[in-house]
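Engineer: Sequence:
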Amino acid sequence: LAPTMGHAFEEIVPTPEKPEIADFIDPEAITVTGECGDQLFGSILMQHSFTSKRFLNEKGYFYGSETLASPWEEPFCRAMVNRGLIRAEQQGALLQWLRPQLAKSPIRINSMYDFLWWMNFSLKWQHETTRILNRFEKLSPDMVSRMEHFYRTRPFQEWALSRSNHTELKFPLTTPRNAAKARVHVWKNYKFALKQFIFLYTNDASYFVKKTKVGSLRHSPSRNFAIDANWNVISFGG
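Under our numbering, residues 23 to 260 are what the sequence shown spells out, in order.
To be clear, the hints were calculated from the coordinates, so they are not data collected in a lab. Please note that the accuracy of each hint is not assured.
Claimed, not checked - Derived PhoX-like pairs: lysine-lysine, alpha-carbon spacing no greater than 25 Å straight-line:
#1 Lys217 x Lys146
#2 Lys233 x Lys210
#3 Lys146 x Lys235
#4 Lys217 x Lys232
#5 Lys160 x Lys146
#6 Lys232 x Lys203
#7 Lys233 x Lys217
#8 Lys203 x Lys146
#9 Lys126 x Lys160
#10 Lys126 x Lys146
#11 Lys217 x Lys235
#12 Lys232 x Lys210
Said to hold, decoys possible - DEER-style ranges, computed between Cβ atoms:
#13 Ser228 x His149: 18 to 28 Å
#14 Arg130 x Ser162: 18 to 28 Å
#15 Asn252 x Asn104: 35 to 45 Å
#16 Ser167 x Lys233: 33 to 43 Å
#17 Gly114 x Lys210: 17 to 27 Å
#18 Asn252 x Arg199: 51 to 61 Å
#19 Pro198 x Glu159: 33 to 43 Å
#20 Ile256 x Ala115: 27 to 37 Å
#21 Arg199 x Ser228: 12 to 22 Å
#22 Lys233 x Pro198: 12 to 22 Å
By construction, the Cβ of each residue, glycine as well, lies at the ideal position given by its N, Cα and C atoms.
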C-alpha cells in the first residue's frame, strides 16, 4: 500500500519530470482514486459563489451564495453571455438545448445548485473516470482494470439520485442569522455526509464545523487528447 495525495499535501513534491499526480501511478499496481466524488455531491464551480462578487462578476461566474438556492436559468445564461460563450440572443436556444438532459434527472432541477450537480453528474462521469489515464502514452485493458475509482459504484450513484440525500446530506441549506431571510448554502456544508462520516471516526468538532472543501487534484492535460473504446491513446502529432 503506497498512499499518494494531491498537491495540497507534502507527500508529493511535483518536479518537471513528474508534474502531476498521475505521473506517480505505478501501472503494475492497483490504484484507488477519489474520482467521481464531486459528481455525487455537486461541483467545485459552486465555490466561486463564495468569493467576492466583483471578482466573480468580472470573470462571468455565478456570484453570491444566494444564487445557488435560486432558480438557475437567469444567472446561468448571464454567466454564459459574460464569458463570451454565447450571444445574448442565443439564451433561449441554449435553454431549449439543455431541456432534454435536465428532464432525465430523477430530482427536479430548480436551483443553481441542482443544475450544477446534475450537469456534473450526468455529463462528466466518463471524463472523470478516464482523465487520470490521459498522461500515459500506452494503455491496455489489463492496466485499466487495475484502476479503481472509489466513488464510481452503483450504490454511490443511487445514493446521489435520492431526493432526501440531495437536499439533506450533500449540501444542506442553512438558516441565516436574520431568520426572515431565505435559507442559503454555506461552503462549509459542502459534502456534509462525508464530514459526518469523518466526525464519527475522529470526534473532531472543530473540523466538522469549520472544514471546507479543498481542491485535491493537480492535473493538466498532456499531449494525449483522446482515448478510444479499445484504450488506444490518441496524441497531438502522433
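Engineer: The structure should be examined with respect to each hint, and the outcome stated for every one.
Structural biologist: Checked hints:
1. Lys217 x Lys146: Holds, because 24 Å separates the two Cα atoms, which is no more than 25 Å.
2. Lys233 x Lys210: Between Lys233 and Lys210 the Cα gap is close to 6 Å, so the pair holds against 25 Å.
3. Lys146 x Lys235: holds, 19 Å
4. Lys217 x Lys232: Answer holds: Lys217 to Lys232 is near 10 Å, not above 25 Å.
5. Lys160 x Lys146: Satisfied, since the Cα-Cα distance of roughly 23 Å is no more than 25 Å.
6. Lys232 x Lys203: Measuring from Cα to Cα gives roughly 23 Å; hence the hint holds.
7. Lys233 x Lys217: Measuring from Cα to Cα gives roughly 8 Å; hence the hint holds.
8. Lys203 x Lys146: With Cα atoms ~34 Å apart, Lys203 and Lys146 exceed 25 Å; violated.
9. Lys126 x Lys160: Distance ~36 Å between Lys126 and Lys160 Cα, so the pair is violated.
10. Lys126 x Lys146: holds, 15 Å
11. Lys217 x Lys235: holds, 10 Å
12. Lys232 x Lys210: This hinted pair holds, its Cα atoms lying about 6 Å apart.
13. Ser228 x His149: 18 to 28 Å: violated, 35 Å
14. Arg130 x Ser162: 18 to 28 Å: Cβ of Arg130 to Cβ of Ser162: about 43 Å, so the range 18 to 28 Å is violated.
15. Asn252 x Asn104: 35 to 45 Å: Given about 41 Å between the Cβ atoms, the range holds.
16. Ser167 x Lys233: 33 to 43 Å: Holds, at about 34 Å.
17. Gly114 x Lys210: 17 to 27 Å: Distance hint for Gly114, Lys210 is violated at roughly 37 Å.
18. Asn252 x Arg199: 51 to 61 Å: Once the Cβ atoms are compared, 57 Å apart, the range 51 to 61 Å for Arg199 and Asn252 holds.
19. Pro198 x Glu159: 33 to 43 Å: Because 52 Å falls outside the window, the suggested range is violated.
20. Ile256 x Ala115: 27 to 37 Å: Check passed, 32 Å falls within 27 to 37 Å.
21. Arg199 x Ser228: 12 to 22 Å: At 21 Å between Cβs, range holds.
22. Lys233 x Pro198: 12 to 22 Å: Since Lys233 and Pro198 have Cβ atoms about 21 Å apart, the given range 12 to 22 Å holds.
In this structure, the hints that do not hold are numbers 8, 9, 13, 14, 17 and 19, in rising order.
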